[in-house]
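*Asks:* Got chain A; can you put chain B on it based on the hints?
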Amino acid sequence: MTEHTTSERPQRDVQLTVNGDAVTSTIEPRTKLSDYLREECNLTGVRVGCEHGVCGACTVLVDGEPVKSCLTYAVQVTDSTVETVEGLSDGSELHPIQEAFHEENALQCGFCTSGFVMSTKALLAEHPDPDDEEIEAGLCGNICRCTGYSPIYDAVYRAADAMEGGD
Amino acid sequence: MSESAPKSSEVPDADDEGKRYTGTSMRRVEDFDILTGRVDYIHDIDLPGCLHAALVRAPHAHAAIEEVDTSAAESHPDCELVLTAADIEEHYQQTPGRLGFKEWALAHDRVRFAGEPVAMVVAADRYVAEDVADLVDVSYDVLDPVTDVYAASDDEVLLHEETGTNLADRDEFVFGDVEGAFEDADNVVEGEYSWGRISGVPMETAGAVADYDSDTDSFDVHCNLQLYTFNGELVYESLGYPAEKVRLHVPENIGGSFGTKIAAGARYCALAAMASHQLERPVKYVEDRIEYLQAGDSHSCEREYSVRLAVDDDGTIRGYDVSFMDDLGAFPRYPLPQAVKPLSVLSTSYHIDTVRYEYELYLTNKVPQTAYRGFGVQQHTFALEMTLEKAARELGVDPTELRRQNLVRPDEMPYELPSKNIYDSGDYPAALARIEELVDERERCEGGLLDPDVVEAKREEGKYRGTRPAVTLEPSAGVIDYASRFEMSDDEIEANTREDVASFPEHLAADLRPDGTVTVHLATSSAGQGHQTVVIQLMADGLGISPADIDVDYLNSAEAPKDFGAAASRMGIMLSGASVGLADELATVFEGAAATHWGCDPADVTYADGAVTRDGGGDSLSLADLAEFVDDDGHTATYGYENPAFDLPEFDDALVDKLPTYPGTAYCADAPIVEVDVNTGHVDILRYYSLHDCGTVLNPDIVQGQVEGAIAHGIGGALLEEFAYDDSGQPLAVTMFDYLLPSITNVPEMVVEHRETPSPFTVTGAKGAGEGGTISASAVIPTSINAALEPLGVTVDTVPVTPDRLRAKLRDEVE
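These protein sequence lines map, in sequence, to chains A and B. Just remember that my numbering sits 55 ahead of the position in the first sequence, which is counted from 1. Just remember that my numbering sits 3 ahead of the position in the second sequence, which is counted from 1.
Excised from the complex, chain A in its bound form (with noise of 0.2 Å):
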């Protein structure tokens, strides 16, 4: 991100796992890891819909915790595991997560996906069986403008079925 400029900009290294690779930086510190993440490891999977910590679209996990990326700078996760969507797919084989939200039409324009995808990944990995109440703690952190939610209860039972005994 800093190639192109002239002016004097301060500058820190960051150290990270991404979706299994180690990645190293220089960056501003003020650069936010949803802005690391899209724009220096081009993980533009990572969504960015308010920058405010509220609508959750750029929802990744941090040493294994949901963490909204637009709230966090890279530089306060240095040394961390980072998990994005891009890390849960093999090849064209999709993560149990993302088939039950394709089976139960969990998606419709994909904007906040991402986000979901993460974050019931972190939900599961709290409640492997989870009820609605659950559901709605762990995920009430994203909003949909699409679905209007049914079909993403749906989507994390089926997960859940799915994932039994681990992922």
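It should be emphasised that the hints constitute simulated quantities derived from the structure, not laboratory data. Keep in mind that this is a model prediction, so the values were computed, not measured. Every residue, glycine too, gets a C-beta built ideally from N, C-alpha and C. The reader is advised that the hints may include incorrect statements.
List of simulated lysine to any residue pairs, SDA-like, C-alpha gap at most 25 Å [what the hints assert, rightly or not]:
(1) B:Lys105 / B:Ala89
(2) B:Lys466 / A:Asp187
(3) B:Lys461 / B:Ala89
(4) B:Lys105 / B:Ala154
(5) B:Lys461 / A:Asp187
(6) B:Lys466 / B:Asn682
Rough simulated footprint, nothing fancy, chain B against chain A, three-plus residues with beta-carbon under 8 Å [said to hold, decoys possible]:
(7) 73-80
(8) 165-178
Derived list of chain B stretches under chain A, where covered just means 3 residues or more per stretch with a C-beta under 8 Å from a C-beta of chain A [what the hints assert, rightly or not]:
(9) 281-293
(10) 523-537
*Replies:* Coordinates of chain B only, in the frame set by chain A:
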């Protein structure tokens, strides 16, 4: 959670008409790239050497611009360009508007809403672009703002001094002897209802990536506009270039629009293109969420209704008189027809012959309006349902019985309104009866949400439950020719003839590729509706080939016909009609090419199931074999599906009179079970029942998704969402903490039942499905709240029904 249609990933057997895919819930082809994060939305389009823009926005609602000092910004080492209104005036043109208005892409002399763009700054990345934008110093002389329609109607402060008034437009339509009906009726019920300023608020904001090419002196503009082939003039006329020099491209997925991106984003396309032209480098601008909420050219209707209903003691409705004032914001834009689209459902599901319909559209210091799902119909439906609720109370009759006895009956179908649109088909009384039955069976029973004992016990806790079902309508696939009535005088409309009517067809093109697969090209953008999937289903059936052998892409605006695109609940009808026609057209081309190759009469060649066969002989060619013999000059085949309302003589009167025609009228009967906490003013929807009929269902899961998603929008409009302003014209909802979208915690379980009454007017029998839930939910939720509060004698009259509004009512009227 909901009771949805059965899933079907497997390919079913063909039915008698050869249909294997249409009508099944074939899984969406759009999903894989979305789910893996690979799909590119506008923000993800990355051109080599691309620069990034930020906007300087006005902090005042109304102010004269005294000076724009760009010197500090331009001296920043990373500043590539600062663009102001003066630069635009020197090099470019105004953006065409409505009612004779034109706009500059950057505020010129005066700002008319808080957040209006005043300057654009371009730099290497968005972070530094925003740094530089902070250095642009604008001096303002602050003026008094106009912040509602009542202040606007005084004309004491004018938005546009040269026009002499803030009244942008008014009109009145009188059908039948309205005054006589009101004089003769036993009762006249009057009401006043307010509809808060809301909009679609898709998850993806608007943006553009523009790339000027000096060699050809032309532009490629990647954008997420809805109707990009139709509204392209907003971009190319702003640039002062001909249409063919400004190619608008849409990505395969837009991150939601719901009507909003018809106007929202056009300004950004023009500005990014101007900057790219100046710098001869690609320039990207994507608004952030705060910009979207504050000033993203994205708000929609805000209406004050005054209504009268003439009704006899026996419940017969004699006449309806509705007028409203709508707050357009600072400029009239394309979506003006939101003011008259309700004429297409003038009396909604009810038989009312005598109606007066009047509107006044005012200019204020707010964000100009764009379109939003429902397009003016939800406000109209809300006002009428609220009036019926009041009428039932004043007459002391059962509200559901009052509705039932006035419904249009199935034996009246097709039913012509006094305003000349025609309802195609449906059984509204049966729908109302069924939704009542569902609620009775499941909720007004022991242990149900409306078990009388439970309802009584809840009241002891201050929680009041109720529901009020109604049948509401979704007009679909409009011939949007009526939009031009706003620029016509009464005399010009009077002189209009059938030959003057523009047709608004839907176009598709297809290419047979060397490997025998088919590519279908859409001339519309897609924002989650599953257009690609539905076209593949229909084309697979039409051609008798596998869906895997069909793919779908998008024409750019210079290649595509300019007629219209995805709006007005059109695509179920129009894309399906176009797909059926395109498949027939392709079959004819295949037969002709084979006949030429074989030297025989095309009548002796038959195309079926992916191969052409010479009748009576053994000759046969697969599509892959045939490909080399098919003329590859241009597309293999194109097809334009004419709008059914344009084709059917029944609609001629309406078309000639420039009245809205919508050939498919979908309907639903909805019953939300609401619970009002009178201590907090909070409204909870405990469960939402809907019976939905959109004619022939092309893909049950996609329809289910449209229905449930639309209901969620209606819930937001009824309870949560509002672009409120303070007295100085400052917007109060500029974050998503303030503009509240429905979340998983407040969208209830939905029980959706489908009926399928095919439209006699459309090729596939389909009707629209995208707007009905929104239209219905935001009407039946407030009436259900009034039903719940009936024991207290409290009624709401304004949406959204927020806790503070409801508490104020309860304080004033009960405590």
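*Asks:* Next step is simple, just say for each hint if it's right about the structure.
*Replies:* Hints and how they fare:
1. Among the hinted pairs, Lys105 of chain B with Ala89 of chain B is consistent with the structure: their alpha-carbon atoms are about 16 Å apart, no more than 25 Å.
2. Between Lys466 of chain B and Asp187 of chain A, the direct Cα distance comes to roughly 23 Å. Compliance with the 25 Å bound is thereby established for this hinted pair.
3. Our distance criterion of 25 Å between C-alpha atoms is broken by Lys461 of chain B and Ala89 of chain B, whose separation comes to about 64 Å.
4. Of the supplied pair hints, the one linking Lys105 of chain B and Ala154 of chain B holds, its CA atoms being roughly 24 Å apart against a limit of 25 Å.
5. Only pairs whose Cα atoms come within 25 Å are accepted, and Lys461 of chain B paired with Asp187 of chain A is accepted, the gap being roughly 23 Å.
6. Taking the CA atoms of Lys466 of chain B and Asn682 of chain B, the gap is near 8 Å; set against the 25 Å cutoff, the hint holds.
7. Counting residues of the stretch 73-80 of chain A whose beta-carbon sits less than 8 Å from any beta-carbon of chain B gives 0, not enough to reach three: the coverage restraint is violated.
8. Figure legend: the stretch 165-178 of chain A, annotated as covered by chain B; annotation consistent (6 residues with Cβ-Cβ distances under 8 Å, at least 3 required).
9. With 3 residues carrying a beta carbon less than 8 Å from a beta carbon of chain A, the stretch 281-293 of chain B meets the three-residue requirement, and the given coverage holds.
10. Note: the stretch 523-537 of chain B has 4 residues with beta-carbon separation from chain A under 8 Å; the three-residue rule is met and the coverage holds.
Hints 3 and 7 from the earlier list are contradicted by this structure; the remaining hints agree with it.
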